[in-house]
Amino acid sequence: MTAVAPLSPSGRPPTGAADEAASGPGKEPDGAGTGTGTRRSRRRLTPYWLLLPAGLWLAVFFVAPLFYQASTSVQSGSLEEGFRVTWQFSNYTDALGTYGEHFVRSFGYAAVATGLCLLIGYPLAYMIALRAGRWRNLLLVLVIAPFFTSFLIRTLAWKTILSDGGPVVGALGSLHVLDVTSWLGLTADDRVLATPLAVVCGLTYNFLPFMILPLYSSLERIDTSLLEAARDLYAKPATTFRKVTFPLSLPGVVAGTLLTFIPASGDYINAQLLGSPNEQMVGNAIQKQFLNVLDYPTAAAMSFILMALILIMVSVYMRKAGTEELV
Amino acid sequence: MTITLSGTAKTFGDFTAVHPLDLTIPEGSFFALLGASGCGKTTTLRMIAGLEEPTSGSILLGDDDITHLPPHKRPVNTVFQNYALFPHLDVTENIAFGLRRRGVKSVKKQVEEMLDLVQLGDMARRKPRQLSGGQQQRVALARALINRPQVLLLDEPLGALDLKLRRQMQLELKRIQTEVGITFVHVTHDQEEAMTMADSVAVMYGGRVVQLGEPAELYENPRSTFVANFLGTSNLIEAEVDSEGTDEPDELRVHVVGDDATLRLPRARCAAEGVDAGTKVLVGVRPEKISLTRTDGADSASQGGSADGRAGVPEGRNRLTGRITDASYLGVSWQYLVETPACSELTVYEQNVSRDDRLTPGAQVVVHWRPEHTFALDATQDAAAGEEAV
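If you read the sequences in order, they're chains S and R. The C-terminal position of the first sequence is numbered 373 in this note's numbering, with every residue numbered one higher than the one before it. The C-terminal position of the second sequence is numbered 1138 in this note's numbering, with every residue numbered one higher than the one before it.
Isolated chain R (complex conformation):
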C-alpha cells in the first residue's frame, strides 16, 4: 500500500524534529530513511506507526487517512530497534501476539510457517533471552510479518548485530521482502546498509529530506555536500566558473581556486543554481573514480610511450598535480592521500591490480579522472557537512 505523507511535521516543545515533509512511498518498495542520529528519521517512522502524532499534516495509507488512528488500529507493524520482544513470553507466543489480539484462535500453523520463513523452527519454546542477537532479530521480524501488514516498518533493525551477521541479515531481509512483497520502510544511519537493501533512499538531515532517489543516483550525483560526504567519501575542491564558455553548451568549465588548473564537467551534474562566470562552486569527485600517474610518466602518451612502458594520462581528462602524502593498503584497494595546491587531502582509491610500486609517499603525481565523473555543488554550504556523522 502506498504511504503518502503531506506536510507531516512533528515538534517537541521548541524542537522541530521533522519539518513539514512531503513523501510518497510506493507500494511494494523497499524504502530507506537514511541519516545521522537526530535527523528525524525515527520520528518519521514512528508517525507512520502511530506511536507519535504529527503536529501538522496528514498521513495516508492507500486512500485512507490514518493520521489520528491509534497504533493498534493501523495495518502497519514495526520491528523495533532493540527488538522489544516480550521477555515473559516464549518465541511462539511472541510471534502469535498480534494474531491473538485480533482474535485468531488457531495460530499454530501460521506460527510454524513464520518460524520456517525466518529459519527458527527448533527455537519455538525458547524465551527471548535464550536467543542470540540474530535470532532475536528474526523473531521480531516474524512477530511483525505474521500479521500480514500493509507496511512493515524497520527501525534500525540490524544496529545491534555484529558486522558479519548484519551483512547476512541484509540479504535475508531483502529476500523476505521479495518473497512477501509488502512495502518495507527501513530507518538506518548506515549508508552502506541503505544502499545494499533499498530501492529508493531518502537522505534526511536536520528534520528534512535533503535528497531522494535510487542508491546509485544518490551516490553518483549528490546534490548537496551532506549527501556527498555522508554517502561514501567525496573530494570537494573549491572552484570558480570560467568566463570563457566551451564549445559544447552542455559542458561547464571551472577554474580551481589556488591552483592553475581548469576542470570540465557536464552542466547537468551541477547542483548549484544560476552558474554565471565567476560563481563559486564546490567541484566533487569520488575517490575511486580517480587515477594516479607519476609526473615523469604523465605526458608519455603524447610523447609516444614512456620509459617503463606504462600508459600516461589520456587526453580529455580532468587533471591536477600533487604529491602523495600517505598510502595505505586496504586489501581490495590502496588508499592514497594526495596533496595538491587546491586541496590538502585528496583521497584516491586504486584497485589492487598492477600497481605502480613507485606510488609511495613523496612521489609527485598527476591525479586525473573523466569529466563525466565530476559533479559541482553550491559553494555556500559547509563543505564538511556529513563527514563526521558516519
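Looking at chain S on its own, in the form it has when it is part of the complex:
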C-alpha cells in the first residue's frame, strides 16, 4: 500500500479553511471599536420594531376587549338601568348551572368531530405527503379549495345535502346505517338533519383542512431514509408505521387536533344551521345571551368559562402528548 501514501497531499481537502468556516459565524466580530456602538444598539432594537405591528394589533383587538369582557362578566343590572361592576361572581355559577349541558355537548361534539377529522385526515395527509409524487401540489390545493367559498355557504349546502328525503338520507336508510345511528342516539325518526349526527358531520367537514395541513407538514418532513432504515431492520410495513412514521408525525397530530378541537368547541354555525334546539352548543347560548336576551354579564361569563375550560384541557393534553420530546 506504499503507493497510496503520496496521494494524501492532493486528495486532502483544506482542513484549515473548514475549521475557520465552522467557528466563524458563532463568533461576535470583536474589535470593531466604539464607532459601531450606536449601530449595534439599533440592531438590538430591531426585533422589537418587528414585534410592534402585531403587538399593537393584539393590544387593541384582543387584550382591550378581553379586559372589557372580564369587567362585563362581573357586572349586574339590566339594559334599562345600565350595567355596573358589582363583582357579581354568581354570574359564573349561574351560567354554569343553567348552561352546563351546552358545555358538555360542545366539548362532546368537538371531541367526536376531532376524532373523525383525525381518522379521515391522517390517511389522506399520509398519502399526499409520502405517496402522491407529482400529484402532491394538486391534492394540497384541493384540500384548501373549500376555503374559496364562504364557511356559511358551505354549511348551508350541507343542509341541502342532508335534507329529509334527499339521496344521502335515502341511501343511509336503505343501508340500515340510520338504524345503527339512531340506536346510538345520533339520529332520530329516519332523518339526519336536525340531529347530533348532522352537527358532528358539519363540524368534521368544516375543520378537516385544519387537521390535514399540520399532519401533512409533519409527515412530509419525515426523512424517508428512516422508513428505509426501519424496513432494513426487519420491520414489516405495518410495524414501520407504528414504530417510526406515527411517532414522528405526533407533532402534526397534536397541532391538528388542537386546531380542530379549539374552534370546533366554540362553533355555533353548524349547530345553528344543521341542528335543532336540542343540539345547541355553548356558542349558540352565548350568541343568544348577547344578541337576543341582551344579558351581557352572563354572556361574558360564559365566554370566560369556555376559554378557561379549553385552556385547562389543552394544557393537560399538551403535557400528556409530551411534544417537547419530539423532533
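Derived from the structure by calculation, the hints contain no laboratory data. These numbers were taken from a predicted model, which means no experiment stands behind them. Positions of the beta carbon are idealized from the N, C-alpha and C atoms, including for glycine. Be aware that a few hints might be false.
[Unchecked claim] Once the Cα atoms are required to be at most 27 Å apart in a straight line, the calculated DSSO-like pairs of lysine-lysine come out as:
| no. | chain 1 | residue 1 | chain 2 | residue 2 |
| --- | --- | --- | --- | --- |
| 1 | R | 875 | R | 853 |
| 2 | S | 334 | S | 205 |
| 3 | R | 857 | R | 821 |
| 4 | R | 922 | R | 857 |
| 5 | S | 282 | R | 856 |
| 6 | R | 853 | S | 282 |
| 7 | R | 857 | R | 875 |
| 8 | S | 366 | S | 289 |
| 9 | S | 289 | R | 821 |
| 10 | R | 857 | S | 289 |
| 11 | R | 912 | R | 922 |
| 12 | S | 282 | R | 875 |
| 13 | S | 289 | R | 853 |
| 14 | S | 366 | R | 875 |
| 15 | R | 856 | R | 875 |
| 16 | S | 289 | R | 875 |
| 17 | S | 282 | R | 857 |
| 18 | R | 856 | S | 289 |
| 19 | S | 282 | R | 821 |
[Stated by the list, open to error] Partial list, derived from the structure: chain S residues whose beta carbon lies under 10 Å from chain R:
| no. | residue |
| --- | --- |
| 20 | 269 |
| 21 | 271 |
| 22 | 276 |
Go by the hints and put chain R onto chain S.
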C-alpha cells in the same frame, strides 16, 4: 456469505442507473464500490439491501435467490449515509430496534456488548441529536451489527465526518470487520478511503464496473483513463507504437507524439488492444515514480561524476526533457509541474529528502522513471476522464 450479482440492472424511466452487472463479492471480504456520484454505486448497494428492485437479473446470497425478497426479510443490514437514526428513540432503543422486530425479548446484554464494541457505553440513554457526528456513526454501525447480518452494507458511512475523525473511523471499521468477520460492502466516492479499507475495489463509472481488483493492482496498473485519473493522479502522454521491435518480446517501445523521445514499457502493462506499429496509445506514469535531475547534471553518470557530486540519470530509464513551471511544498513532498514538448503539465512528486535547491521554476530538467512503472492505455478514450470527479 458470498453475494453474486448476475446481469443485475436498474433503470429509472429512460435513465439506466446500473447496466447489467456481474459481480461476485466473496465471503468475509471488505469490498468497496468506488465511483463519482451518479455512477450507480449506491443503486447497486440498495438493490442488495432490497430497497430497490432490479429491473433485470438476479441477486444471490450464498445459494439463496433474494432478488425479490423485501428488505425486512433479508439477512442484510445497512449503515445509511446520513445514519438514519430514529430521532424519537434513544441510543439503546435504536440499537435494539432490529432485535425487537425479530421478537427477541431480552436485548439488554446484547445492546451492552454492542455499545462496548463501538465504545459508547455511557451514551446509552442519549437521544441521537445529543451525539456528535462520529458517535451517531457508531450508533448506526452498532444498530446494524447487533443483528449479526450475513452482509453489512455501508453507504458512504464516513462522508459526513471531518477528515481526522474519518481517518480514525476508517481504522475502526477495519478493526470491527476483522473482529466480526462478516462481509462488508462499502460504497464511497473517496478513493483514498476505498484503498485504505477494502480488500478489493470495484471502480464504477456510468453504471458499469470499469475495473475490479485489489487496491494496489488498481493503482499500479489502471486499465482505463478513468481509473488512472480517479485513483490518484496520472501523467498521460500521447504516443505511437514504434515500428522497430525491441530485443525483448515482453517489451513495447513507443514514440512520444510531439517530442523526440522513445519510451519503453512492459507489454503486460499495456491495456490497449492489438498494438501494431503506429497504433496510438496513452502512456501513463504516476507522479511519485518520476525523478527530476537538472539537465546540466543529467549525463554525469556517463561522464563519471558531476560537478556537484550528485548522481545523474541511470541507464535504462525512460526520460523526457522539460522545464519546471511550478514547485509547491506539500510537507511530505514537493510537487513540481514540468513542461515538456509532449505534455504541458507533467506532475512530479519528490520525497522531501535531500532536495536539490536548484530545482526551481525555470530550471531545465530531465524527468526520468523506470520502464516497469510505465503503463499504456487505449488512446481512443478521453484522457481527462475522472479528473474533475475527485
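Taking the hints in turn, this is what the structure says about them:
1. Our distance criterion of 27 Å between C-alpha atoms is met by residue 875 of chain R and residue 853 of chain R, whose separation comes to about 22 Å.
2. For the suggested pair residue 334 of chain S and residue 205 of chain S, the alpha carbons sit about 22 Å apart, so the restraint of at most 27 Å is met.
3. Taking the CA atoms of residue 857 of chain R and residue 821 of chain R, the gap is about 24 Å. The hint holds against a cut of 27 Å.
4. Restraint check for residue 922 of chain R and residue 857 of chain R: the C-alpha separation of about 24 Å stays at or below 27 Å, so the hint holds.
5. A distance of roughly 23 Å separates the Cα atoms of residue 282 of chain S and residue 856 of chain R; the hinted pair therefore holds under the 27 Å criterion.
6. Of the pairs offered as hints, the one joining residue 853 of chain R and residue 282 of chain S holds, with about 18 Å between alpha carbons and a cut-off of 27 Å not exceeded.
7. For the suggested pair residue 857 of chain R and residue 875 of chain R, the alpha carbons sit about 20 Å apart, so the restraint of at most 27 Å is met.
8. About 19 Å separates the Cα atoms of residue 366 of chain S and residue 289 of chain S, which keeps this hinted pair within 27 Å; it holds.
9. Pair hint residue 289 of chain S plus residue 821 of chain R holds up; C-alpha atoms about 18 Å apart against a cutoff of 27 Å.
10. Only pairs whose Cα atoms come within 27 Å are accepted, and residue 857 of chain R paired with residue 289 of chain S is accepted, the gap being roughly 22 Å.
11. A hinted pair counts as satisfied when its Cα atoms are at most 27 Å apart, and residue 912 of chain R with residue 922 of chain R qualifies at roughly 16 Å.
12. With a CA separation close to 24 Å, the supplied pair residue 282 of chain S and residue 875 of chain R stays within the 27 Å bound.
13. Restraint check: the Cα-Cα separation between residue 289 of chain S and residue 853 of chain R comes to about 17 Å, which is no more than 27 Å; the hinted pair holds.
14. Our distance criterion of 27 Å between C-alpha atoms is met by residue 366 of chain S and residue 875 of chain R, whose separation comes to about 20 Å.
15. For a cut-off of 27 Å, the pair hint linking residue 856 of chain R to residue 875 of chain R stands: about 17 Å separates their Cα positions.
16. With a CA separation close to 16 Å, the supplied pair residue 289 of chain S and residue 875 of chain R stays within the 27 Å bound.
17. In summary, the hint linking residue 282 of chain S to residue 857 of chain R is supported, as the alpha carbons are separated by about 25 Å, within the 27 Å threshold.
18. Pair hint residue 856 of chain R plus residue 289 of chain S holds up; C-alpha atoms about 19 Å apart against a cutoff of 27 Å.
19. About 9 Å separates the Cα atoms of residue 282 of chain S and residue 821 of chain R, which keeps this hinted pair within 27 Å; it holds.
20. The interface hint given for residue 269 of chain S holds, since its Cβ lies 7 Å from the closest Cβ of chain R, which is under the 10 Å cut-off.
21. Look at residue 271 of chain S: its Cβ gets to within about 4 Å of chain R, closer than 10 Å, so that hint holds up.
22. Annotation: interface hint on residue 276 of chain S holds; nearest CB of chain R at approximately 7 Å, less than 10 Å.
Hint compliance for this structure: every hint is met.
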